[in-house]
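Let chain A serve as the given structure and place chain B on it in line with the hints.
Protein chains in written order, with this note's numbering: chain A, 1 to 364; chain B, 1 to 78.
Be a bit skeptical, because a hint or two may be false.
Derived DSBU-like pairs (lysine-lysine); straight-line CA-CA distance at most 35 Å [unchecked claim]:
#1 B/LYS23 <-> A/LYS146
#2 B/LYS5 <-> A/LYS76
#3 A/LYS146 <-> B/LYS4
#4 A/LYS359 <-> A/LYS140
#5 A/LYS178 <-> A/LYS53
#6 A/LYS323 <-> A/LYS178
#7 A/LYS339 <-> A/LYS178
#8 B/LYS5 <-> A/LYS207
#9 A/LYS140 <-> B/LYS5
#10 A/LYS140 <-> A/LYS207
#11 B/LYS4 <-> B/LYS23
#12 B/LYS5 <-> B/LYS23
#13 A/LYS76 <-> A/LYS146
#14 A/LYS207 <-> B/LYS4
#15 B/LYS5 <-> A/LYS146
#16 B/LYS4 <-> A/LYS140
#17 B/LYS23 <-> A/LYS359
#18 A/LYS140 <-> B/LYS23
#19 A/LYS207 <-> B/LYS23
#20 A/LYS339 <-> A/LYS359
#21 A/LYS76 <-> B/LYS4
FYI, nobody ran anything at the bench for these hints, they're computed from the structure.
Keep in mind the model is a prediction, meaning the values are calculated, not measured.
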Amino acid sequence: MKKIHWGVVLAGVAVGLAALILTAMGNPANMGFCIACFLRDIAGACGMHSAAKVQYVRPEIIGLVLGAFIMSVAGKEFRARAGSSPATRFVLGTVVMVGALAFLGCPLRMVLRLGGGDLNALVGLVGFFIGILIGVACLKRGFSLKRSYEVGAAEGGVLPSVMAALLILVLAVPTLFKFSEAGPGSMRAPFWIALVIALVVGALAQKSRLCMVGGLRDAVMLGDFHLLYGFAAIFVVTVIGNLAMDRFHLGFALQPVAHSAHLWNLLGMVLAGWGSVLLGGCPLRQLILAAQGNGDSAVTVFGMIVGAALAHNFGLAGNPDSKNEAGQLVVGGISNAGKVAVIAGLVVLLVIALWNMPKKEAAK
Amino acid sequence: MREKKVWLVVTFHTTAAAIGMEKLCAARGVAGRLIPVPRALTADCGMAWRAEPAARAALEALAAEEGLEVEGFYELLI
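Okay, chain A solo, but in the shape it has when bound:
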C-alpha cells in the first residue's frame, strides 16, 4: 500500500476550500485562484496592457508570495539562489503564460474548472498531460537549465519585496492603478479577506511543495503520486462544494470564463505543461519558489507577467463562449494571431529543449 502524505492532502483541501470561499465572495466562477489570470490582472492594473475587463491588483498573488515567504523564513528554509539560465527562464515563463491564457487558466484553475463541471478543462488536462510527457522525454534526454548558485539574500528576496511594495502602493495610492469596472477583473472577493486566505494558502503550499507539474512528472517518471493527492483533494473539495452551492454545471458550452474550442484548449495546455516541466514547476510553484528565495523563479514570474501583457496587447488570449442577441451560442476560442502564437510557442519550446540538451560528444 502506498504511503499517503497527509500534509499535501491538507494543503489541497485548504486550497479547494479557499477557492470556494473566494468564488462565493465575489471572484469569477471557477476562479477562486488562477495564477495566470491573476498575474494578467496585475499586469493590466499596472498599465502593461489595456484590456479593460482584466485589470485588478489581485491580493491573492500578493498573499501567496508573502505567505510562502513568511513560512520559509519561519521554517529557516529561505535560501537565496539564482543563476540557472535566467534569460531562458524568462522566455519560458512568457511562453507558458501564452499557452495558459489561450486555455484561460493555469493548471490550478484547470482543476478548479473541472471541479465546477467544466469539461473543457478535461480537454485541457489531456493537453497538459501530453505536454508533461514531452517535457519528461526532454528530461530523459538530458535537458537541463544548469544549476543555480547561492546569492545574497537581497537577490532571493526580490519577488517578496516587489509584492510587499505592490501591497503598500495599492493601499496608499490606489489611483496609480487601473481597476476593471466590468468583466472578470471587476469580480473580486473583499481585498483583505482574499489577502488573508492567500497568505494561509501560500504558507501551506510552501510547506507541502504543492505542484501540479511536479505531481504528474513524479507520477510518470518515478511512480510517485504523493503530490497528485493534493490536486485530487482540490478536485474533490470543489466538486462537493460546487454541488452543495448549486454551482456544478457539467458540460462544454458556456462555462464561466472558458471557451469550447477544443483543439486550442488542448494545444494551449500542451504549451503550458511542456514549458512548466522545462521550468521545473507549474506557475503556482514558481511563485512559491520565488518566495522562498529562488531568483530564477522570480525571473520566470516576471516573464509570465510580460507574457500576459503580450497576450492581451496582441489579442492572443482566449475569448469565452457567449450568446448573441438572438440567444444563440457563440463559441469562443482564440484569434488567428493567438493560434500562430501557440504554434510559435511550441516551436520556441522545441528550440529551447534542443539547445539545452547535452551535445553528442558530451552525452557519451
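This is chain B only, laid out in the frame that chain A set:
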C-alpha cells in the same frame, strides 16, 4: 504499508544529474532508484537517488569518475 528504514539519499543540483546517476548505476549494476527529494532535506523540488547506505563509497567513486556534480549524501529514515 512499507516499513521505514535508513536509506542513503544522494541529492543533485539539477534533475539532469539525478537522471545521469540513474543511467550510470544501471550501466554499472549499482542498485538504487530515483525518488522525489525528501521534504526533510529541502523545500525545493527535484529528484534524488536512493540506495543502501553501504553503497556510499561506490556512488562517490562513480560520481567522481564520471564528473557528476553531487549536492550531498544523506542517511535518512524514510
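Proposed proximity, B/LYS23 with A/LYS140 (alpha carbon, max 35 Å): Roughly 10 Å between the alpha carbons, so the hint for A/LYS140 and B/LYS23 holds.
Straight-line alpha-carbon gap B/LYS5 to B/LYS23, limit 35 Å: holds, 25 Å
Satisfaction of hint between A/LYS359 and B/LYS23, Cα-Cα up to 35 Å: This hinted pair holds, its Cα atoms lying about 17 Å apart.
Distance restraint between A/LYS76 and B/LYS4, which requires alpha-carbon spacing of 35 Å or less: holds, 26 Å
Distance restraint between A/LYS339 and A/LYS178, which requires alpha-carbon spacing of 35 Å or less: holds, 28 Å
Proposed proximity, A/LYS178 with A/LYS323 (alpha carbon, max 35 Å): It holds: about 28 Å lies between the C-alpha atoms, which stays within 35 Å.
B/LYS23 paired with A/LYS146 [C-alpha distance capped at 35 Å]: Roughly 18 Å separates the two Cα atoms, so the pair holds.
B/LYS5 paired with A/LYS76 [C-alpha distance capped at 35 Å]: holds, 26 Å
Pair hint outcome, A/LYS178 versus A/LYS53 [Cα-Cα no greater than 35 Å]: Roughly 10 Å separates the two Cα atoms, so the pair holds.
A/LYS339 paired with A/LYS359 [C-alpha distance capped at 35 Å]: Answer holds: A/LYS339 to A/LYS359 is near 32 Å, not above 35 Å.
Restraint status (C-alpha distance of A/LYS76 to A/LYS146 at most 35 Å): holds, 25 Å
A/LYS359 paired with A/LYS140 [C-alpha distance capped at 35 Å]: Holds. A/LYS359 to A/LYS140 sits at ~14 Å (cutoff 35 Å).
Checked against the numbered hints given earlier, the structure satisfies every one of them.
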